[in-house]
Each structure stands twice: as structure tokens, then as C-alpha cells.
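Sequence order for the protein chains is G and B.
Position 225 (the first sequence) corresponds to 225 in my numbering; numbering is contiguous.
Position 111 (the second sequence) corresponds to 111 in my numbering; numbering is contiguous.
There could be a bad hint or two in this list.
With a straight-line cut-off of 30 Å between C-alpha atoms, the simulated BS3-like cross-links for lysine-lysine are [said to hold, decoys possible]:
#1 B/231 / B/200
#2 B/286 / B/54
#3 G/328 / B/286
#4 G/148 / B/200
#5 B/25 / G/148
#6 G/75 / B/231
#7 B/200 / B/25
#8 G/75 / G/64
#9 B/25 / G/328
Simulated from the structure, these hints should not be mistaken for lab results.
Computed from a predicted model, the values in this text were never measured in an experiment.
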Amino acid sequence: MLDQLIRFVVVPLVQILVVLAIISLIVAYLTLLERKILAFMQVRLSPRRTGPHGILQPIADSVKLLIKEDIIPDKADRFLFTLAPIVTVIAAFTALAVIPFAGGSIEVFGYTIHPWIADVNVGVVFLLAISSLGVYGILLGGWSSNSKYPMLGSLRGAAQMVSYEVPFGFSIIGVMMLSGTASMVGIVEAQREAHIWYFVPQIVGLFLFFVSGVAETNRLPFDLPEAESELVAGFHTEYSGMRWALFFLAEYTSMIIISGIVTTLFLGGWMRPFPNVEALSWLNFGLDGISPVLSGILWFSIKTFLVIFLYLWLRGTFPRYRYDQLMKLNWYWMIPLSIANVVVTGLVVVLAQK
Amino acid sequence: MFRTEMLDINMGPQHPATHGVLRLKLLLDGETVADTDVMIGYLHRGVEKLCETKSYPMIEAYTDRLDYVAAIYENLGYVEAVEKLMGVTVPERAEYIRVITAELQRIASHLVWLGTHALDLGAMTVYFYCFREREIILDLFEAFTGARLTYNAYRIGGLPWDVPPGWIDRVRHFVRIFPERQKEYDTLLTKNRIWLGRTKGVGILGAQDAIDFGVTGPCLRSAGVEYDVRKAHPYSVYDRFRFDIPVSHNCDTYDRYLLRMEEMRQSNRILEQALDHLPGGEVMAKVPKRIKPPAGEVYHTVEGPRGELGFYIVSLGDDRPYRMRFRSPSFVNLQALPLMVRGSLVADVVAVIGTLDIVLGDADR
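Go ahead and model the full structure; you've got the sequences and the hints to work with.
Here is the structure:
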């Protein structure tokens, strides 16, 4: 009884707490990283006053946001207005549950702990389901503010996220067909067995997935729901203080999750490059000797960081799409391309089996 | 079946993309702009009336505050108008330095336009690249006039002082590096698919409409009308320089972007020539200490970065004008905005405000 209680309740709870704490910290520092990288691209300085090279800036920011006055507009729907950021954050954090940060497991007091919270056999589908929930936060937040700019922003956001859901889902199907599983851990293992990371056979899928992922997370060049120069701040115009911060927490968490999924599905997850070539095992920097979990986390972080860097790079380079162009891009190009990708991959898989 | 309503929405006066305190009342049908009402006056200071109470040299400081992004042109237009009224001949060196500062200012002003226009359309990096180069120009102005924004750079009859030692070499250095820097903006925008999509076919203003509204500057030239005051009615020593007036025929935002980029290159060309032929000598003509132009009236125009900038002065022979009137290009060009955005999307409104390159201090006066 006690054993089961610990195994099925305490251990997952501890895992969840650890992941939430670490991801929240990473999100805080991701904002600083973004400012540093953008500043580097834009020949200017980034925050430098709070601590050496501004490393305390995220803490200062969070303290400021926490102690800010909590404003709810008079005419807003108080319940939904409060609910919206919470829904967004919950949707973003829940998706973390199925991401495998590393392979293997560690033993603590006789309990086997995996470096992922849950290995669901329909992990990929779970991700799709959860990530679509994020749109509720945007829609509710914009609508409940009872203000015009947020409403325009949330309508844009809803249309955009629902549309990009389609190529987002289709681009994963190719990977699922190649690996024959929908479990995130299973997909990584399948990439090891196939001796190839799926970004090679699924380069189109990777492209489609990443682009629609950027659209899903409302980042430039697809940040139309926010579009500061047109809609002031889009769906979160009326939000301030911690509620506003929750929206941003969700946005950055989604960025990490999309990058994590790209890593897992297309870039071999926690595996070092060429995991089957023994001669390259120095790439684990001896961490394997301590625990394969450590080297897994290292490589997962490196790959995820590279994808996040791509996100920031996009922001430094591109102008914003216009609403109609964004939709046209999706319905005219991305969806047909993703369907074609599914068909071609399916054909190849079937022919290869024969 | 469903009841749909038009959405009345206020864009401004506090809005990140209206370039100051411009207020637009947009009537939206979904995301499409059905009608626009431009409202100005949030920055009205009554400068024209104030000028009637100030002596001629004092007025120049007021002109700085009109178009604060290109204050040199307000100085230049005003000072030349008074000189025209008085019949003063300005020394050659002063004229050349005026041309040099004016063309530097045109580049600086276009850089502000390019940066903010790109920022409005979401391209953030261009802004910082532009301001990096503008910083060099502002430093030059600071070295010459002591101010970085409101220069009060000229005096009636010439310049307050000669340029500081080494200044000409610094300008030369800028002229040398600027073409390379401009290529960086090119790489970010000119062939960018998204930029093309956002600017091509947006904010069309045909030649006849432009002329009817009195629109001048790059907005008029993008409609194929070759009108530039520097060529049409040469002032100062502009008739001595070789430069082209870029003209294009698509009347859209992308063309105006290319046109202003080309204007910066032409300004650089003028700078090169002016620096090469800069004469020596005095910078101030002999003018009376108390400036009292003869009774009469004068209208003088210069080609500012935004278009034709006119100064109308009525003098009764007193030491202060009887009436001052500014023809500010921002105010005139702004009239075309409702026509340019009708039927387009909200995002295009921002693009059109950017491409009109308005300065509200200039529009409201």
C-alpha cells in the first residue's frame, strides 16, 4: 500500500515539482537569453545593470511583476478574465508531462525514476490535444477584457491557431508512420534503431512542424494576436502584473515545448549524434559513466537550445505577416504540403515493408 | 442570419505605431477598414501665432520644434525666406555647409523613417541598424551646433560659426562608410518575401489624387511625378550639384521604400560633391544687428525629406513678422491617408502611416 502510494503518487509529484521549478527558472532566463541574443544581433547592449551582465534581470523582472497592482477593468468579465491566463499556463505546462528529457532511469531508495513524467503510449496525440487548449486562453482573455483591441487580437489568435493546428498535426503523422509508435520515448528509441534521425527522411515534416509551431506559439513572424504595432498588445492589452506574466510564462514554456518536441521527434531526442557509433562516445563527455540520464539531459538541452535559438533568430530577422497572408500561407501551401508529405511517407513506408 | 456590426476603433493618440499623437478613428468591418477619420491637433502649440511676437532671429528656434526629426530643413527654409525678403547674399562657404548639413539631415530623417516603418511592420533589427548610422550624424550635428535634435543651426545671413576643426573629415568618413551600411538594410528588407508582401500594392496613391491633395515629396514621386524643389526651383547652391531625382510608377508602399533608399544614395552623392568643392572664406554676410526686413511678403520653399516645405512671411518693415505661415508637408500628406487605407486591412493602416512619414510636430504646428 505504502509502496504503491509512493510509486504512483509521491514520485510523480516530486517529478512534476522538479520539472516545473526547473522549467520556470529556464523560462525566466530564456527572457534574458532572448534579450542578449537580440541585442547581439542588433548591435546594442542588453540588460547589464542588475548583476554582472544582467544575470539578475529575470529575478528583478519577476519581483516587479509580482508586486504590481492587480488591475481588472471594470467592464471585464471578472471570472473569465482571471481564468484565461491560468488556462493558458496550465495548457502549456501540461504538455511538459510527456516530453522525455533523457533516456534510462535512476534508482532512488529502490524506486526507479525516469527522466520524464509520463510515457503515454499516445504521447504525440496527447501533445496535440493539450497544445490546442492554449487557444482557449487567448480567446477568453481577449473576449473577457471587453475591449476592442484585445478582441481583434483574440479573434486573430483563434483563427490562426486553429488553422495551424492542421499542418502541425499532419507533420507529426510522417514521424509516427516511420517509427510505428505514438509514444515519445518510443519515437526516440525508433530513431536509434533506424540509425537515422528523422529530420533526414522527414525534412519537409520538420520544416512544416517548426513553422506551424512558431505560429502556434504566436512568435514573430506570426505574432499577429499580439502585433504590438497594430493592436497595441493584442489579446493581453488589458492585462498587467502577474496575470500578464502568466501569459508570457505560457508563451515561453510553449517555445521550450515546441523546441523539445522538435528535438524528440526529428533530432533524436536525448541521443548524442550517431548513438550507435562507439568511437564517438566521447561526445557524452564522460557523463555516461555517472549516469546515462546526465548525458541525455545534456544532449537534449543542446538540441533544444539550438531550436530555441532559431526562434530568436527569426524574431531578429523577419517582419510580421499580414493576417490574410498568414492564412493564405497556411491553407494554400502548408496544408497541401503536409498532406503530400503524409502520402509520400506512407507510400515509402509501405513499399519498404514489401 | 447573424447580426454583424461595424467596429468603431480609436487608433491613437496613444498608440505604438501612429508616430506621435495622431488619432485615427477607424470604422472596421472585421479586419477591413471601411472608413478612416484623421484627427490631429494633439500637439498644437500655435507656433505661427507665437512667431508674430518674436523677433526674426528668435523665430528660428521655434522652427526647430516643428519637424523635430528634420529640424535643419525648418531652419533652412525659414532663414532663406528671410534672406530672400531682405535680399541678403550668403557667402559661398556658408551655402555649401548648409547643403552638407541639409543632406546629412535628409539621410538622418530617412533613417528614422526606415527604422520606424520597418519596426511597425515587425522587422525589429532594421531599426537599430538605422539608428546606429543616425547616431553618427547626430554626433556631427552636435559637434557643429551643440544640439542633437533642435539645432538652431543657421543665422540670417549665414552661419553662427564655422565648422569645428576635423569636422569635414568626419563627414567624409561617414560618406565613405554609409553605402556599405545601407547594403545591410537592403539585405534585411529589399528582397524579403514578407516585406514584399506587406508593402507591395499597399497604400496606393495615384498621380492625380496626389496632385489634388497637394501631396509632395517621395509620396508624389512614387506616383511618377518628377517634382523636387531642388531641381524645379533650385535654392541655395543646389544647381551646382549633379544628382538624380528617383521616380517610380507603382504608387505603392514598396516603391516609396525603394525611392527613399535611392534618395539616401543621392544625398550621399551630393555630400561627396559638396565636400570636394567646399570653398574657404567667411561664413556670415554683413547683416544689421537688428534685423528689419523691408515691408512686403515672401514665400520660399525647400525640399524637405517629407516633401515641399514652405514659409510665407508678411513683413510690415518691423523687427517681427506681421504674419507667419508654414506649409508643412506632414499636414498636407496626411490628408491622403483615408484614401490610401480605404478597403485595406488594419495592418495596412500601420504600413501607410509609416510610408507617409509624418511628424506630428510638423502636422500640428
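Okay, the hints, checked on the actual structure:
1. B/231 / B/200: holds, 28 Å
2. B/286 / B/54: Distance ~22 Å between residue 286 of chain B and residue 54 of chain B Cα, so the pair holds.
3. G/328 / B/286: Roughly 67 Å between the alpha carbons, so the hint for residue 328 of chain G and residue 286 of chain B is violated.
4. G/148 / B/200: holds, 28 Å
5. B/25 / G/148: holds, 13 Å
6. G/75 / B/231: Not OK: residue 75 of chain G and residue 231 of chain B at ~58 Å, beyond 30 Å, violated.
7. B/200 / B/25: Roughly 25 Å between the alpha carbons, so the hint for residue 200 of chain B and residue 25 of chain B holds.
8. G/75 / G/64: Since the Cα atoms of residue 75 of chain G and residue 64 of chain G sit roughly 26 Å apart, the hinted pair holds (cutoff 30 Å).
9. B/25 / G/328: holds, 28 Å
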